[in-house]
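Based on the provided sequences and hints, a complete structural model is requested.
2 protein chains.
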Amino acid sequence: MNNNLSSLKVRDIGEQGLLERLQRFCPPDIIGDDAAVLATKAEESLVVTTDMLVDGVHFSDITTSAEDAGWRAAAANLSDLAAMGAFPLGITIGLGLPGDVAVSWVERLYQGMTECLQKYNVPIVGGDIVRSPITTLAITAFGQANPDFIIRRSTAQVGDAIIVTGIHGASRAGLELLLNPQISQNLKTEAKTALITAHQRPKPRLDVIPILWEIVESQSKIQNPKSKIAGMDSSDGLADAVLQICRASRVGAILEASKIPLPSAFNHWLTPERSLNYALYGGEDFELVLCLPPQAALTLVQKLGAEASIIGTITPGSRVILQHENKKIPDQVLSLSQGFQHFG
Amino acid sequence: MNNNLSSLKVRDIGEQGLLERLQRFCPPDIIGDDAAVLATKAEESLVVTTDMLVDGVHFSDITTSAEDAGWRAAAANLSDLAAMGAFPLGITIGLGLPGDVAVSWVERLYQGMTECLQKYNVPIVGGDIVRSPITTLAITAFGQANPDFIIRRSTAQVGDAIIVTGIHGASRAGLELLLNPQISQNLKTEAKTALITAHQRPKPRLDVIPILWEIVESQSKIQNPKSKIAGMDSSDGLADAVLQICRASRVGAILEASKIPLPSAFNHWLTPERSLNYALYGGEDFELVLCLPPQAALTLVQKLGAEASIIGTITPGSRVILQHENKKIPDQVLSLSQGFQHFG
Numbered sequence: 013m014n015n016n017l018s019s020l021k022v023r024d025i026g027e028q029g030l031l032e033r034l035q036r037f038c039p040p041d042i043i044g045d046d047a048a049v050l051a052t053k054a055e056e057s058l059v060v061t062t063d064m065l066v067d068g069v070h071f072s073d074i075t076t077s078a079e080d081a082g083w084r085a086a087a088a089n090l091s092d093l094a095a096m097g098a099f100p101l102g103i104t105i106g107l108g109l110p111g112d113v114a115v116s117w118v119e120r121l122y123q124g125m126t127e128c129l130q131k132y133n134v135p136i137v138g139g140d141i142v143r144s145p146i147t148t149l150a151i152t153a154f155g156q157a158n159p160d161f162i163i164r165r166s167t168a169q170v171g172d173a174i175i176v177t178g179i180h181g182a183s184r185a186g187l188e189l190l191l192n193p194q195i196s197q198n199l200k201t202e203a204k205t206a207l208i209t210a211h212q213r214p215k216p217r218l219d220v221i222p223i224l225w226e227i228v229e230s231q232s233k234i235q236n237p238k239s240k241i242a243g244m245d246s247s248d249g250l251a252d253a254v255l256q257i258c259r260a261s262r263v264g265a266i267l268e269a270s271k272i273p274l275p276s277a278f279n280h281w282l283t284p285e286r287s288l289n290y291a292l293y294g295g296e297d298f299e300l301v302l303c304l305p306p307q308a309a310l311t312l313v314q315k316l317g318a319e320a321s322i323i324g325t326i327t328p329g330s331r332v333i334l335q336h337e338n339k340k341i342p343d344q345v346l347s348l349s350q351g352f353q354h355f356g
Numbered sequence: 013m014n015n016n017l018s019s020l021k022v023r024d025i026g027e028q029g030l031l032e033r034l035q036r037f038c039p040p041d042i043i044g045d046d047a048a049v050l051a052t053k054a055e056e057s058l059v060v061t062t063d064m065l066v067d068g069v070h071f072s073d074i075t076t077s078a079e080d081a082g083w084r085a086a087a088a089n090l091s092d093l094a095a096m097g098a099f100p101l102g103i104t105i106g107l108g109l110p111g112d113v114a115v116s117w118v119e120r121l122y123q124g125m126t127e128c129l130q131k132y133n134v135p136i137v138g139g140d141i142v143r144s145p146i147t148t149l150a151i152t153a154f155g156q157a158n159p160d161f162i163i164r165r166s167t168a169q170v171g172d173a174i175i176v177t178g179i180h181g182a183s184r185a186g187l188e189l190l191l192n193p194q195i196s197q198n199l200k201t202e203a204k205t206a207l208i209t210a211h212q213r214p215k216p217r218l219d220v221i222p223i224l225w226e227i228v229e230s231q232s233k234i235q236n237p238k239s240k241i242a243g244m245d246s247s248d249g250l251a252d253a254v255l256q257i258c259r260a261s262r263v264g265a266i267l268e269a270s271k272i273p274l275p276s277a278f279n280h281w282l283t284p285e286r287s288l289n290y291a292l293y294g295g296e297d298f299e300l301v302l303c304l305p306p307q308a309a310l311t312l313v314q315k316l317g318a319e320a321s322i323i324g325t326i327t328p329g330s331r332v333i334l335q336h337e338n339k340k341i342p343d344q345v346l347s348l349s350q351g352f353q354h355f356g
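As you go down the protein sequences, you meet chains D and W in turn.
According to my numbering, the first sequence is numbered sequentially starting from 13.
According to my numbering, the second sequence is numbered sequentially starting from 13.
Hints are computed from structural coordinates only; laboratory data are not their basis.
Being a predicted model, the structure only gives us computed values, none of them experimental.
Among these hints, one or two may not hold up.
Same chains, same names: a pair is fine if it fits in one copy or spans any two.
Within a straight-line C-alpha distance of at most 30 Å, the following computed DSSO-like cross-link-like pairs (lysine-lysine) qualify [as the list claims (entries may be wrong)]:
no.: 1; residue 1: LYS53; residue 2: LYS131
no.: 2; residue 1: LYS271; residue 2: LYS240
no.: 3; residue 1: LYS204; residue 2: LYS340
no.: 4; residue 1: LYS271; residue 2: LYS21
no.: 5; residue 1: LYS339; residue 2: LYS271
no.: 6; residue 1: LYS204; residue 2: LYS131
no.: 7; residue 1: LYS21; residue 2: LYS200
no.: 8; residue 1: LYS240; residue 2: LYS53
Quick look at the structure:
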């Protein structure tokens, strides 16, 4: 933790002093009781997700400022809500801090979180600050969704089109640029900045949800009204998302490598292999991976334009196969074990 | 962390392996998506509370087994919901673990949590497990409450009776007995066990809430229907609770020392000064401190019997005064600074 910017440490003002400083990031009517109270919409289900982030494991001063760590933590949780088709109601923040962390670092963390949260009108509704040998951030986000419109991993059906929002691989490329600035020599400043921003300030795709429901509502009049949208976010990588959906839905998939939307800067900068590797396994793009009946998928792509692409199809069986336009490249079978285990 | 009991470490089975083992503690329909989905009652507000617990700061193998650490963590969060007048819907658990923690320790932690949660039919609805240099537990609990029946700190009124549930000081005495077993020499085994159990297995007072609402509903027919119950739990000590309520409500209070219910074992074991100190400042009794109009308070005490006691009155001004039966002992003015700061 880089504390040089400020001489005031957490231990100088104590838990209570820090809480008082951080209250300006929270709505005033929510503070001061044992728990926060929030109005909910009748007929809607509560959707809850939680994440834990540890200094040196999930964020690091080398690649992530306090503001960016805050933004990313908030964005990851809002993305989980978007992945369920839910609109956020609020988040709670648990913070473990060593006494020698600069108060300014904590304030910048909250600044970054609220910058992200305010874009989506999400209040910080509660929290806990405790002493810990390692800076730790525990976020729980909760939202509401129409029970008929909840997106799950387990409801993909054979014949569904697989759609991704946005582009994939940008966040990983941004991380590489932060870790190894020298690799940017063939990149325009603009492209470099865009990739780094994709890593530091990912956007949860809550914007897609209302458009999606509009399509589902109009399509369900003519199609099977019981069919549910399957999906999840691509926070652990695009390959992981497709594999998780297929496993939960007991189906397979064919992905077309050439259809996976990549950052245009990859073209003359990375080999096709590396580009695809970043897109499939890079992770942290926080886009949505959705499985829809083909007609609904086409309508969604028309509505979202460049912001959505059909990259494959749900198939019988259980294998997820990556096909290449160049038929000399053999098909690849993707597997979850190509991912990584955090305790490894 | 005492890992001698089992040779299997968290790093041996990884995040995924550990998640799979812990899923037996969660309802099966809730697992497997980006977030959990919960049904809510219409017309009720959502109540949310969060706690963070760090090994060596908030729990320790010296005084707390894994099961007890789990029970206490769950109980503390359910107590926060009870303190708001809310019924629990579910909890999420974030867990940070060093790789060398025994898998059996984690399972025993979850065992203790679920033992407490099952008493109140509360499901674990989500979680996150991450690598961390220090064992860290982040719990967020959700509940629902009738918006007209929410208990807040800020609504105490002059003339209200101050009620406490249960007894105070037992948890602190139990902790002292665990830290210094030799002080138990004048205590019967039964009494000793009861005090240690009070510390290791505190009970959130969710049982009081329905009784309270019954009284409020019947009383509101004849009294001011707009009057709200003020209160909080005594997790940070009885003195802290009364002081917090008075500060939030901009009132004062008179407490009668002789009315504060103590464990009967204190009589011949501790000095009156130490007994009162444990009761006022010991903390972690997880009882409720409530401010009610005198008639409602009497009715509550009649209904709860020995489980509730009127210990004082809300007064004008801002001072919280402790009066003693023995008039030779001068009145004391209590203050928040007699508590402690975690970063101190």
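Hint-by-hint comparison with the structure:
1. LYS53 x LYS131: both (21 Å within a copy, 29 Å between copies)
2. LYS271 x LYS240: Classified as within; 24 Å inside a copy, 60 Å across copies.
3. LYS204 x LYS340: The answer is neither: 32 Å in one copy and 77 Å across copies each exceed 30 Å.
4. LYS271 x LYS21: The answer is neither: 50 Å in one copy and 42 Å across copies each exceed 30 Å.
5. LYS339 x LYS271: within (15 Å within a copy, 86 Å between copies)
6. LYS204 x LYS131: within (24 Å within a copy, 55 Å between copies)
7. LYS21 x LYS200: Cα proximity of LYS21 and LYS200: none, with 40 Å in one copy and 47 Å across.
8. LYS240 x LYS53: both (22 Å within a copy, 24 Å between copies)
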